[in-house]
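Visitor: Residue strings, one per chain:
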Amino acid sequence: MLLKSAMNGTTLVIRVAEDRIDAAGAIQFKERMRDLIQAPCQRVILDLGQVHFLDSSGLGAVVAVMKLLAPERKLELAGLTPTVAKVFRLTRMDSVFTIHTALAEGLRDAG
Amino acid sequence: MLAERLAVPVMAATEVRFRLLAEAGAVRDGLRLIFAEEPLLSMSGDDRGNAEIVLAEVLNNVVEHAHAAGSGPILLVLSLDEGFLHCRVEDEGTPMPGGELPGGHPVDPADLPEGGFGWHLIRLLCHGLRYERIGGRNCLSFSLPAERSGG
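Chains as they are written, first to last, in the numbering used here: chain A, 1 to 111; chain B, 1 to 151.
Keep in mind the hints are simulated off the structure, nothing from the lab.
Just so it is clear, the structure is predicted and the values come from calculations on it, not from any experiment.
Don't be surprised by glycine CBs; every beta carbon is placed ideally from N, CA and C.
Chain B stretches covered by chain A per the calculated footprint, using a threshold of three residues with CB under 8 Å from any CB of chain A: (1) 16–27; (2) 51–64; (3) 100–111.
Non-contacting residues of chain A with respect to chain B, defined by C-beta distances greater than 10 Å in every case (computed): (4) M7; (5) L36; (6) Q38; (7) P40; (8) T101; (9) L103.
One-sided and incomplete, this derived list gives chain B residues near chain A with beta-carbon spacing under 7 Å: (10) E114; (11) G115; (12) F117; (13) G118; (14) L121; (15) L124.
Make a model of the complete structure from these sequences and hints.
Guide: The structure is reproduced here in structure tokens:
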């Protein structure tokens, strides 16, 4: 599970450099994320622009990461591809995340 | 061993059969292969996306529940007919609890659930979902809308 992280001001941006977050990779994703979010930052944006598929295990892992950040920080998502966006929409989990159309938009929204 | 981990397409009339092992990695490899072959290859992007969501959930359920105690073979049979992709998934694992499909009631997003999404997604996207236990095998069948791309 290749995740690339970079600081943009006080925002930690983590890009998933994989085409899927699925049952075979969900635990590894969660563990890698747990390490990366130790970096001091005000916001965390997960860039999913390269991820074409996310199953229910992958969705569960993204929710788990959001809970690791709470209550001080929120997990924001960017660049959802069509099938990934559909999984969030059908499960109504799009209602609990801040979702940016693209990473650039998420970085602009910095408060 | 490697060949066994991959799904193997076998043409039989209009049905396409894939065999894969009930293991998370084999399901991932199998889905890649299945979606690179007909009939899924030439389906529209939207219908391919729905099919991948459903097939991934169904196959991962077999791995995590029916075959929780150990791997075994899964047979996936696909056929395309009049705008629908008909799917049948068979495995030799343990039966569904109570001999019935889970209800798939939607979880409440406010509870921040980390699971329980699978059957809800399957039920939302599938038509004619049916489960039978036949001769020690779980047989799940369902259909999905299937437009041809660029058609």
